[in-house]
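Engineer: Residues per chain are reported as follows:
Protein chains: 2
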Amino acid sequence: MELEKYRVLSRMARGMEKAELVFKNANVFFAHTGEFIKCDVAVAQGTILGTGSYEGEREIDLNGKYLCPGFIDSHLHLESTLVTPGELVRQAAQCGTTTFIVDPHESANVSGTDGIDYILEQTESVPANVYVMMPSCVPSTQVDDNGALLTAGKMKAYLENPRILGLGEVMDAVSVVEGSISMHEKLALFQGKVKDGHAPFLETGELNAYRLAGITTDHECVDYDYAMEECRRGMQVLIREGSAARNLEAIVKGIVEHGTDTDSFCFCTDDKHIEEIQRDGHINYNIKKAVQLGLPVEKALKMATIQAARCYGLTHLGAIAPGCQADLVVLDDLKDLKVLEVYHKGKKIEQEEKTEILPCAPKLKNTVHLLNLSEERFKLLCTGDKAHVIEMMEGQITTMDKREEVPWEENDGEKVFAPNASYQKIAVLERHKYTGKMAAGIVKGFGLQGGAIASSVSHDSHNIIVVGDNDRDMYLAVKELMRTQGGYTLVENGTVYDTLALPVMGLISDEGYETVQEKLSRMIPKAHEMGIKEGFDPFITLSFMALPVLPQVRITPRGIYLVDEDRMLKSPFDQ
Amino acid sequence: MELEKYRVLSRMARGMEKAELVFKNANVFFAHTGEFIKCDVAVAQGTILGTGSYEGEREIDLNGKYLCPGFIDSHLHLESTLVTPGELVRQAAQCGTTTFIVDPHESANVSGTDGIDYILEQTESVPANVYVMMPSCVPSTQVDDNGALLTAGKMKAYLENPRILGLGEVMDAVSVVEGSISMHEKLALFQGKVKDGHAPFLETGELNAYRLAGITTDHECVDYDYAMEECRRGMQVLIREGSAARNLEAIVKGIVEHGTDTDSFCFCTDDKHIEEIQRDGHINYNIKKAVQLGLPVEKALKMATIQAARCYGLTHLGAIAPGCQADLVVLDDLKDLKVLEVYHKGKKIEQEEKTEILPCAPKLKNTVHLLNLSEERFKLLCTGDKAHVIEMMEGQITTMDKREEVPWEENDGEKVFAPNASYQKIAVLERHKYTGKMAAGIVKGFGLQGGAIASSVSHDSHNIIVVGDNDRDMYLAVKELMRTQGGYTLVENGTVYDTLALPVMGLISDEGYETVQEKLSRMIPKAHEMGIKEGFDPFITLSFMALPVLPQVRITPRGIYLVDEDRMLKSPFDQ
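Going line by line, the protein sequences match chains A and B. Take the numbering used here: the last position of the first sequence gets the number 1725, and nothing is skipped along the way. Take the numbering used here: the last position of the second sequence gets the number 1725, and nothing is skipped along the way.
It is worth saying that the hints were derived from the structure and are not from the lab. Quick caveat, the model's predicted, so the values are computed rather than measured. Be a bit skeptical, because a hint or two may be false.
[Claimed, not checked] Derived CB-CB ranges, DEER-like:
{"id": "1", "chain 1": "B", "residue 1": "Pro1512", "chain 2": "A", "residue 2": "Glu1335", "range": "45 to 51 Å"}
{"id": "2", "chain 1": "A", "residue 1": "Glu1274", "chain 2": "B", "residue 2": "Ser1275", "range": "47 to 53 Å"}
{"id": "3", "chain 1": "A", "residue 1": "Lys1306", "chain 2": "B", "residue 2": "Glu1664", "range": "54 to 60 Å"}
{"id": "4", "chain 1": "A", "residue 1": "Glu1274", "chain 2": "B", "residue 2": "Lys1513", "range": "51 to 57 Å"}
{"id": "5", "chain 1": "A", "residue 1": "Pro1312", "chain 2": "B", "residue 2": "Glu1664", "range": "51 to 57 Å"}
{"id": "6", "chain 1": "A", "residue 1": "Gln1341", "chain 2": "B", "residue 2": "Asn1213", "range": "35 to 41 Å"}
{"id": "7", "chain 1": "B", "residue 1": "His1408", "chain 2": "A", "residue 2": "Gln1341", "range": "39 to 45 Å"}
{"id": "8", "chain 1": "A", "residue 1": "Leu1700", "chain 2": "B", "residue 2": "Lys1304", "range": "56 to 62 Å"}
[To be verified] Below, simulated DSS-like cross-link-like pairs (lysine-lysine); rule was C-alpha separation at most 27 Å, straight line:
{"id": "9", "chain 1": "A", "residue 1": "Lys1306", "chain 2": "B", "residue 2": "Lys1306"}
{"id": "10", "chain 1": "B", "residue 1": "Lys1343", "chain 2": "A", "residue 2": "Lys1306"}
{"id": "11", "chain 1": "B", "residue 1": "Lys1188", "chain 2": "A", "residue 2": "Lys1403"}
{"id": "12", "chain 1": "A", "residue 1": "Lys1594", "chain 2": "A", "residue 2": "Lys1683"}
{"id": "13", "chain 1": "A", "residue 1": "Lys1155", "chain 2": "B", "residue 2": "Lys1343"}
{"id": "14", "chain 1": "A", "residue 1": "Lys1343", "chain 2": "B", "residue 2": "Lys1155"}
{"id": "15", "chain 1": "B", "residue 1": "Lys1304", "chain 2": "A", "residue 2": "Lys1155"}
{"id": "16", "chain 1": "A", "residue 1": "Lys1343", "chain 2": "B", "residue 2": "Lys1495"}
{"id": "17", "chain 1": "B", "residue 1": "Lys1343", "chain 2": "A", "residue 2": "Lys1495"}
{"id": "18", "chain 1": "A", "residue 1": "Lys1304", "chain 2": "B", "residue 2": "Lys1155"}
{"id": "19", "chain 1": "A", "residue 1": "Lys1188", "chain 2": "B", "residue 2": "Lys1403"}
{"id": "20", "chain 1": "A", "residue 1": "Lys1306", "chain 2": "B", "residue 2": "Lys1155"}
{"id": "21", "chain 1": "B", "residue 1": "Lys1343", "chain 2": "A", "residue 2": "Lys1343"}
Built from N, CA and C at the ideal position, the CB exists for glycine as well.
So that you can see chain A by itself, here it is in the shape it has in the complex (with noise of 0.2 Å):
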């Protein structure tokens, strides 16, 4: 703080002057002691002078309503839900969310540092703090064709910006503990920063090994036995409860159960889409849900703030002390936990804000670069008795790899694989760099039938993804991606039945969020009624097909993946 400022701040908090704001009569959380005391908060240019007993210019009498510390996500990406980062930060800061962690490693897949770029540009005015992890694994997997290569050189750059905490979530556990070169160049960049986890049930030599080299954290964990072994190893676990993943009634009530130590512990929501946060909250309803569990709310709180301030060495966050910033939630009681207000250094959010959508760098709306596209390519030729499908299963993104004769046709003097309402067509093509790679392959369990659906998002690589029954189809929703330069399209009998655009690096739309949720209203009913089945999200489902990290076969631009063995098909009658 510059010698002036704390000079004027400094009388104000001696009480010599009044201060600009005064919260009267707050029950005030103090994060660091977890205790509810009743008194007034003095603050001035956005920062906390004092609790005791003040006089302010400005007063605002809380008359015992609950004053806490403003709440932090300690891991959150801003591109999964369709919307610019600043809509989404928004409605969340409404919830009481004041910090957000986010990763932005979907951006980064896409368009590289001009993808990370893009997130701090969005966020840099937004009425809270956003801070940024470097995603450490672009590409996240070499069997696939991403937009870009992120090395420990090119991070370089973002080292001294205050707003990079550190490391994103460093998925590739295997190149951390063999000591890959590449990936320890990124780790060794950041030393002394946080270094962010991702390692769903590790055994405990490669999680000790995984911890040696400096991982800080991990927000993969979905039940508590594992979250302790990662505690004690000194790791802080991030306790996720976003749209997809929700893991934290399995933590929460084993924390109750076994009276747990709750240091190591924060929330995150990792993924949570604009709708689900309108209607449930973000934070809050982490914390909520806790407490509903049996967690104390002094301990939910601690977890919600210092916590997370200090996993990411944020001191001037957290609590509500002398010197923090001023990102206060109003509460009105400890049970329903609602939010009655927030303000974001000192200032109040305003609960009707209007959206407001930034521009962005015109090269970001021109990511979806196909090559020798045509109808002709869809065509999947039966080269063999058996094929590999791809098998679905609902309410899942896992598959499985099954052999099976599937139904064919002669055309032209070739046999090839004709789609009916058991089994589909795939079909995945890069889209970054003009390679015209392209690979077709046959799912079965998915259920769409008289048409075709499509996408650009499509995980981690975000190719353009396509399942059909007919070619046409296919083929019509690709070049209707390619127009709208990325995004969801749904096509019927040979029309487009809707598009939802996203052209922000064929990953967010630039309209809104509520044409985002207008279009989705309309086109994921419309895709069941096609015939896919209840049990998927269909453009969720779709955008999980193509990573190649799950089990058991996946597909990419080069073909048909087996993941367990680690093996490319060019073609799914490949043996």
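Place chain B on chain A using the hints.
Structural biologist: Frame of chain A; chain B shown alone:
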């Protein structure tokens, strides 16, 4: 960690190769979760590889004994115990304290950065981690003459030293809250680093302003309520239990009684003499005493380990977790907490290890620089009827300022002060810069007769202080300290009874603690024999007589200082 090293350690952590050293069947204290769990601990190259089930090239079967991370003394002064830094550290390390956060405030006040370098060098290769906080208040006051001025500019050279963790105890709270430029230059220099506090009983607004300036800790809390006020404001309270100040019972009783969250507490000794370390222990004594007062042992151990490590940003210390330094303490049980073995970087600290005394730079042994010394200068003229008398009270270091008629005699036509059984003479002589400054005053209640007692240890400026009942013996005592270049001396009827030489900066003996103890065991009883009351430790009491921050009256080379009035008198007979 170098990649090559990591690869080797990772293979051991994963059990692919035997670890160098494995502690088998240990009851391991997991500091992060506060649990004891029976398992093995693997170590190599001084680093903990992991916990679980391991085989080692070397195995130590602990048979269920308790294994804890090495303890951390979060605040102490190494100079105050009169022995070389290495001696004290070795003794304390044998009690399980493997990390010391030291503030070389005394050395810096005598020798500036040379004094700090001395502490750094002397503790470079001790079997423990010694970190240094940069003394913030050198000189500690403007009304005294010390040996050096330590500005932010001079501190800058130390910023990159990994053993310098931050700014040492900031005693001058007034300069902090009023925004003094020189103080805030120092605070700014250590931005983002720990800034130790020294803030006994600040009023709420002052405490807020003090914390607002970024002060991180305090070790001066003497009661629970004030400790909590500091904790709530985000300060870490270092609970002190040393030779002089003993605050543990008051604070821990409060914690136990209120079931207080203990996250914000650590332990320190501040000053603890080597004979007491040998008798009672060091930080292990703090733990034991806290447990006896009812604190769960897990909480006490967390205070002594992970919480201190976290407070000072020492991510490689304070836990038995992969990547942490293998500083380990084997405890016999959890009640008496008897320390059986201590390891530093995986190497056992031998209990019998010979005290090694390292040489120091010659200039540090030449710091007693008196000018114009003569017996004549000790004469105190009675220039008025009444004098300000420094009244001392047994068992206390505070004094009373009394205006009294005092005994006198005619001497060559002058009326001079004539000490008797009630009133003695006290004098302070500037000893750093050959200024020849000297002042004399009158003490009551100390009790010395038939001689003089003198010391070069006198907080915080460490000038020569002497008390006696005749000028000849006082002069002789000071001459003796000039000869030894510092120390404690006792003169009886014209003869030096004995002297403990403290030639290193006039603060430290380099003859080993056995010599120090042997000398003190003769000199202290002798001083009492000569009339010094039993309620005083003769030399320690003497060392505080010149500290011009303690009420009500002190003496400095500039004169008699009335602390409450902030007024300096050339002569005690001045109004």
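Engineer: Taking the hints in turn, state whether each one holds.
Structural biologist: Each hint, compared with the structure:
1. B:Pro1512 to A:Glu1335: 45 to 51 Å: holds (47 Å)
2. A:Glu1274 to B:Ser1275: 47 to 53 Å: holds (49 Å)
3. A:Lys1306 to B:Glu1664: 54 to 60 Å: holds (55 Å)
4. A:Glu1274 to B:Lys1513: 51 to 57 Å: At 55 Å between Cβs, range holds.
5. A:Pro1312 to B:Glu1664: 51 to 57 Å: With Cβ atoms ~53 Å apart, the hint holds.
6. A:Gln1341 to B:Asn1213: 35 to 41 Å: The hint (35 to 41 Å, Cβ to Cβ) holds, given that A:Gln1341 and B:Asn1213 are roughly 38 Å apart.
7. B:His1408 to A:Gln1341: 39 to 45 Å: Because 40 Å falls inside the window, the suggested range holds.
8. A:Leu1700 to B:Lys1304: 56 to 62 Å: 59 Å Cβ-Cβ, so the 56 to 62 Å window holds.
9. A:Lys1306 to B:Lys1306: The given pair, whose Cα atoms are some 26 Å apart, holds under the 27 Å limit.
10. B:Lys1343 to A:Lys1306: Given that 27 Å is the threshold and the Cα spacing comes to 23 Å, the pair holds.
11. B:Lys1188 to A:Lys1403: holds (24 Å)
12. A:Lys1594 to A:Lys1683: holds (11 Å)
13. A:Lys1155 to B:Lys1343: holds (20 Å)
14. A:Lys1343 to B:Lys1155: holds (20 Å)
15. B:Lys1304 to A:Lys1155: holds (25 Å)
16. A:Lys1343 to B:Lys1495: holds (23 Å)
17. B:Lys1343 to A:Lys1495: Holds: B:Lys1343 and A:Lys1495 sit about 23 Å apart, inside 27 Å.
18. A:Lys1304 to B:Lys1155: Roughly 25 Å between the alpha carbons, so the hint for A:Lys1304 and B:Lys1155 holds.
19. A:Lys1188 to B:Lys1403: holds (24 Å)
20. A:Lys1306 to B:Lys1155: Within the cut-off at roughly 23 Å; holds.
21. B:Lys1343 to A:Lys1343: This hinted pair holds, its Cα atoms lying about 14 Å apart.
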